[in-house]
Amino acid sequence: MSFLLVQALSGLATAATLFLVSSGLTIVFGVTRIVNFAHGSFYMVGAYAGWSLIERFGATPAGFWGSVAAAALAMGVLGAAMEIGLLRRLYRSPELFQLLGTFGVVLVVQDLTAWAWGPEDLLGRRAPGLKGSIDILDQPFPLYDLVLIGLGPLVLGLLWLLFNRTRWGTLVRAATQDREMTSALGVDPARLFTGVLFLGCALAGLGGALQVPREAVTLQMDMAIVVEAFVVVVVGGMGSLTGAFLASLLIGQLQAFGILVFPQITLVIVFLFMAVVLVLRPHGLLGRAEEVPPTAPAAVTVPLSAGRHAGLWALALLAVLAAAPLAVGDYALILLTEVVILALFAASLHLLIGLGGLVSFGHAAWFGLGAYGSALLVKHLGAPMPLALAGAPVLAGLGALVAGWFCVRRSGLYFAMLTLAFAQIVWSVAFQWYAVTGGDNGILGVWPSGWAAGKAAYYWLTLALCGGALGLLRRAAFAPFGYALRAGRDSGLRAESVGIDVRRFQWMAFVLAGSAAGLAGGLYAFAKGSVFPTLLAVPQSVDALVMVLMGGLQTVAGPLAGAAVFHLLESEVMSLTDWWRLVLGLIVVALVLVFPKGIVGFLSGLRSSFNGRRA
Amino acid sequence: MSAPLLTVGGLQAWYGRAHILDGIALTVNRGEVVALMGRNGAGKTTTLKAIMGLVERRAATLRFDGRDLSALPAHRVARLGVGYVPEDRRIFADLTVEENLEVGRQPPRPGAPAWTPEKLFALFPNLAEMRGRRGTRMSGGEQQMLTLARTLMGNPSLLLLDEPSEGLAPLIVRQMAEAVRRLKAEGLSVLLSEQSLSFASAVADRACVIETGRLRWTGTMAELMADDGVRTAYLAV
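Going down the list, the protein sequences come from chains A and B.
In my numbering, each residue carries its 1-based index in the first sequence increased by 325.
With my numbering, the residue at position 98 of the second sequence is 92, and numbering never jumps.
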């Protein structure tokens, strides 16, 4: 009994931290309508900054708490700087750009943090005066955690006062509802938003700095917390403070007791909980139906064009690619094989985003599921390569069938969050189910059959399979299926009213895209000879988004060009530096800010303006 | 006679690629109520939004109280003393009546009447009874009153009033006309867009008639009432 009580209390302490971080995320989202991926980075840097300050000044209670406050304020200042430098330019952009742009910040911050504090985990000083524990029904419980438990409701109360009893809070709530009208009343929205980012990021920093006495400060803190905070915000209802508080409490308890019951799948439980809540209460526990329309159309305003002689060009490209082994060496062939595989991966995501307007933030799930499907068939059943390859799209397609049923029920940001959640579920299974998947060590020894073992042979196999799949995707885009998808993207309501079952088509697209990504994943596993959980992780999903975005959303050829450029950049440029995250992050931010139409879109823009001048 | 409070010349405005206004010119003198008349889609609302800086705009002349507005964003225009009352009301539904007023509050301005919530509750007695009520629980007429009161909290010297009588019950329309006359008596200048000739004639001194984004006719309200040709050409439905 007393053990359960202590477990519940430690759940409350977790909940307090979770609430501090997610309250910041939900406030920023409520006002700016941007889901700030970099929120976890402020938590992490807050912890690092807090660690440094506490090491220096934290021997006395005043020094300790002063350090925590200073770290929080510093994160607020950084958050305000990010608003001015980046977010301000993204308010009118599609959600995809906002998510990607802030993810670029995540990458940059990871490398800068490693540069400033080094790669080792840091253990911080315990809080002076709160080092001991007290006995609760004969069970020891850390005093510090008790303080944290009290801090959650205190911060909720203070935030409530701020938003309901001050002029600033009233203005923020007004701007949340109607930005334009608020500015027409003489309020500078830009300054208001900078203030909101200050507040939100300071809360993240506070959460981070408060962790220093409890756990090691690591470079992995950012993604871990931001994904959890997403879950809290989505479960609580996006933009709702009380909802975030409630959701934090529930998820804190779920984690505290989940670890007793299902120690292997603690991570899965949380995401399953979120999926269930979203199906039962689509806007979260305390969220409300959106009154405002989504900030911007999901992706596209220019119609997808087939291009003249597109078929001829594709055949010519295929011929050139097929002839490549005659001209280039093994290393180039390996690179080309990977490019072709990634092109299929990117094209499958493009089907969802470009045609369906469905921004998936977890597309790596299907790529990785395909890869793991193949690897598991080889490892546990001794399946030959053809069978294992056939299994890849099937397993990924089945996964997408289940996840898709949930995901297509929602659109826009909620869709992105749901896909992210499912990717995290699949990832955590691969990561935690040691006996089957090997966990972090992955599965090794996934090699092609003898007849395909040569670099050229495997390349041709890849080219044939990916070429076939790409041809199929392209046909789907210009078949009635593709038109129905685009109709649903541009106006769901109108498409419904002419008799198109939009959700059904989106579900089909989700499964098709998932299977195609799965095939790419299976081919990738045999190309590499191994699979690791990173294939399913968020950065892999982001890679796919970057490829699609690099190529440009409005063109069929875009994802192919994007995959090629991205992979060459990744293997030829970024491998030269230890700071590849920094480079990639800056590329992502630049793409989002400067080349929102991607390479192909940029080139055709140049061409048409050139033609226009000539005419 | 002193220079006009508001001078607009060669005003162009766009919604995305659509060119909505093509060379609107008008003036509002101090203490004057001017009605911007025209059919649905003529460009009345866009004219007011363009003056305010809420749509993409360009103007040969856009001067208010001696200052050039043409490069200013909406919140700066509002801070100079231009109050904007949108036709679709756009009250902050999650905020109470008092909080809505608080959002509109700006410091008092020389040369313009200074408002407090108490003075506004005296002007709109209905609102006084629902200070703590949220915007979601108000009738259309009450919302319209609140929108006007909220803008007045900014102590404007010029009011841009978009379709104040639209969609309101006849009794409320009469109250609204009475309110506009009171505001004029307090020294406010008003530019209002209106389709209803009877409402305009009840409150306005002068009228500007626009159609398809261009200015077609301008003159006193009495002249407009006497000119059947103009009314048939540009106003009759």
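Among the clues, some could well be false.
Label-pair ranges, simulated between beta-carbon atoms [claimed, not checked]:
| id | chain 1 | residue 1 | chain 2 | residue 2 | range |
| --- | --- | --- | --- | --- | --- |
| 1 | B | D62 | A | G930 | 31 to 37 Å |
| 2 | B | P101 | A | L486 | 20 to 26 Å |
| 3 | A | R413 | B | G4 | 28 to 34 Å |
| 4 | B | A19 | A | F927 | 38 to 44 Å |
Bear in mind the hints are in silico, worked out from the structure with no lab data behind them.
Heads up, the beta-carbon is just placed ideally off N, CA and C, and yes, glycines get one too.
Status of each hint after checking the structure:
| no. | hint | verdict |
| --- | --- | --- |
| 1 | B/D62 to A/G930: 31 to 37 Å | holds, 34 Å |
| 2 | B/P101 to A/L486: 20 to 26 Å | holds, 25 Å |
| 3 | A/R413 to B/G4: 28 to 34 Å | holds, 31 Å |
| 4 | B/A19 to A/F927: 38 to 44 Å | holds, 41 Å |
The earlier numbered hints are all upheld by this structure, with none contradicted.
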